[in-house]
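Q: These are the residues of each chain, in order.
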Amino acid sequence: MGAKATVKSSINHAFTYPDRELAGEVYQDYKALLDQLIQSPEVKYADYSIYIETFIHTDHLVYRDDSSILNEPERLDILNVFTGVNRADFKELVSNEITIEAGRTFTEQEINLGLPVLLINGSTYEYSNQRSIEVGDVIRFTIEFSDARTNELIHTEPYDLEVVGLFQSGPSINFNFDSASQIDLNLFIPNQTMIQLAERIEEIMMTYDDVTFWNNQLDIFIGVPTFELKNVEAIDSFTEQVNQLLESITLDREHYQLVTSADAYDDIAIPMESLLNTSSIILMGAIGFGIVMISLIVLWFLRDRRFELAVLLALGERKQRLMMQVTIELVVIAWLAVSGSILTGHYIVTHLSENMLETFVNQDQPVLADSDDTDEVVHEAVAQAEQAVINPLALDTDEIIASYQIKFGARFYGVLYSLCLLIILVAVILPMSYLLRLNPRKIML
Amino acid sequence: MSLLKRVWLSIIYRPIQSLLLFLFTLLLANVMAGSYTILQTTTTIKQEIKDQFGARVTVQYPAFQSSNNVSLFFF
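Just so you know, the protein sequences line up as chains A and B, in that order. So for the first sequence, my numbering puts the first residue at 1; every next one is plus one. So for the second sequence, my numbering puts the first residue at 446; every next one is plus one.
Worth flagging that the hints you see were computed from the coordinates, not collected in a lab. Mixed in with the good hints, there may be bad ones.
Claimed, not checked - Result set (DSBU-like, lysine-lysine): computed pairs, CA atoms no more than 35 Å apart in a straight line: (1) B:Lys495 x A:Lys44; (2) A:Lys44 x A:Lys230; (3) B:Lys450 x A:Lys442; (4) A:Lys230 x B:Lys450; (5) A:Lys31 x A:Lys319; (6) A:Lys319 x A:Lys230; (7) A:Lys230 x B:Lys495; (8) A:Lys44 x A:Lys31; (9) B:Lys491 x A:Lys44; (10) A:Lys319 x B:Lys450; (11) B:Lys450 x A:Lys31.
Could you put the whole structure together from the sequences, leaning on the hints where they help?
A: And the structure:
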């Protein structure tokens, strides 16, 4: 499989949850579920992002002239660009989607306490007076609250974030885009900071009892979470754990979807499984056919040699020695043949395996989530989740080939020799029974 | 006459029989080598892909899914 990178599209909400009150509860349930799962002993790495959407902007930042962002707005709205992270080595950093160019990533303390800190892309943004952003700067944002009926601005609140690091998008991201991708626009802040900001906004909204706010004064999202387990075997017990935790959720339990890399693997494994089956049938068939054929050939030759055998027996040769003679003859010929097949077989085998590896390795990305789910939204969501589950940069072609080459060698020839020996030993059983019944007097008289 | 000498003479005095057996076993060994290679290669690739897929899991709430991998909630 080829390596593949995905680019996050800019955030457009397809739809919103119909009941906004319930949506808040679902968010709490969902977050509690994720936080519990992160504690699971099977989890090696877990991260998820909280996003909020509110009326927040800044007058201090602009896009850099050379940042290749088209349609520069007059005022830089920070809607949709705050991305929460749950740990210092968050998933964009681990997967090399971004790299820290200056400064540092968040500290544990900043993540846990939700301190007002920020990671920003210094080559996408600059200050409106053309000064570059530097580590240690404090950027001031403004949260706005308007009355939905009069459209009047009723409250503004400053919100300061300290730049602790500057990042750049990794090489895998901008592969065929002239303009900056979504990740270049992202402002990473700890999830806890995001939650505190949302709580602060909610608090302010509470103080204005008589005001009707816009529906989207405050929306909070959770991105598709990623759990990396310690090993493939842990998937089953983790699935069980998820199902147990889901038992305690009362609201819309059936809507939660668990997608594992095992599911995604199963989708692409079908052609491989059929190849495995075919080749083992061929191997078994060859062994069976070989036993029968060698048996018959040897029997046929023994019948031709019955006078020779009868003379030997008449001279007092024991039948065991004759059996041994026939078996050794066969083993010697087979040994020569297998040795000969190493010359031809080596050519066939290297050719075959190289071809196969290339076919597999150059296969296109698998088509995922091709279920007949009528609910398109669920369907699409599952597809996206499967994409999130497969680490797109992880499938390394060279690694596959390298690991293959080590395993191929002495063991292969050992198996070939012992299989042939086995065939010979089984195949001589029938001719031997013929030899046992041989009576020299009947043959020669 | 020792057993091994008799074996040797038996092989070389009947060249057609020996050659026939030799060719048949050669063919058989090649078929087995080929299918065994396919078996081994596929198993290796399978395991490798499985390992590289890793054990990644996600739990999500698709009813909130919008077009950008983000679930929407309201506080």
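Q: Against the 35 Å threshold, does the CA-CA distance of Lys44 (chain A) and Lys31 (chain A) hold or violate the hint?
A: With a Cα-Cα distance of about 19 Å, the restraint between Lys44 (chain A) and Lys31 (chain A) holds, given a limit of 35 Å.
Q: Is it true that the CA of Lys230 (chain A) sits at most 35 Å from the CA of Lys450 (chain B)?
A: violated, 62 Å
Q: Can you confirm whether the C-alpha distance between Lys491 (chain B) and Lys44 (chain A) stays at or below 35 Å?
A: Roughly 23 Å separates the two Cα atoms, so the pair holds.
Q: Regarding the pair Lys319 (chain A) and Lys450 (chain B), is the alpha-carbon distance no greater than 35 Å?
A: The given pair, whose Cα atoms are some 17 Å apart, holds under the 35 Å limit.
Q: Holds or violated: Lys44 (chain A) and Lys230 (chain A), Cα atoms, limit 35 Å.
A: holds, 5 Å
Q: Within 35 Å, alpha carbon to alpha carbon, are Lys450 (chain B) and Lys442 (chain A)?
A: This hinted pair holds, its Cα atoms lying about 28 Å apart.
Q: Has the given pair, Lys450 (chain B) with Lys31 (chain A), been kept, meaning a C-alpha gap of at most 35 Å?
A: violated, 83 Å
Q: Is the Cα-Cα distance between Lys31 (chain A) and Lys319 (chain A) 35 Å or less?
A: violated, 81 Å
Q: Between Lys495 (chain B) and Lys44 (chain A), is the straight-line Cα distance small enough, at 35 Å or below?
A: Given that 35 Å is the threshold and the Cα spacing comes to 17 Å, the pair holds.
Q: Given the hinted pair Lys319 (chain A) and Lys230 (chain A), is their Cα-Cα distance within 35 Å?
A: Violated: Lys319 (chain A) and Lys230 (chain A) sit about 62 Å apart, past 35 Å.
Q: CA of Lys230 (chain A) to CA of Lys495 (chain B), is that 35 Å or under?
A: holds, 13 Å
Of the hints listed earlier, those the structure fails to meet are numbers 4, 5, 6 and 11, in rising order.
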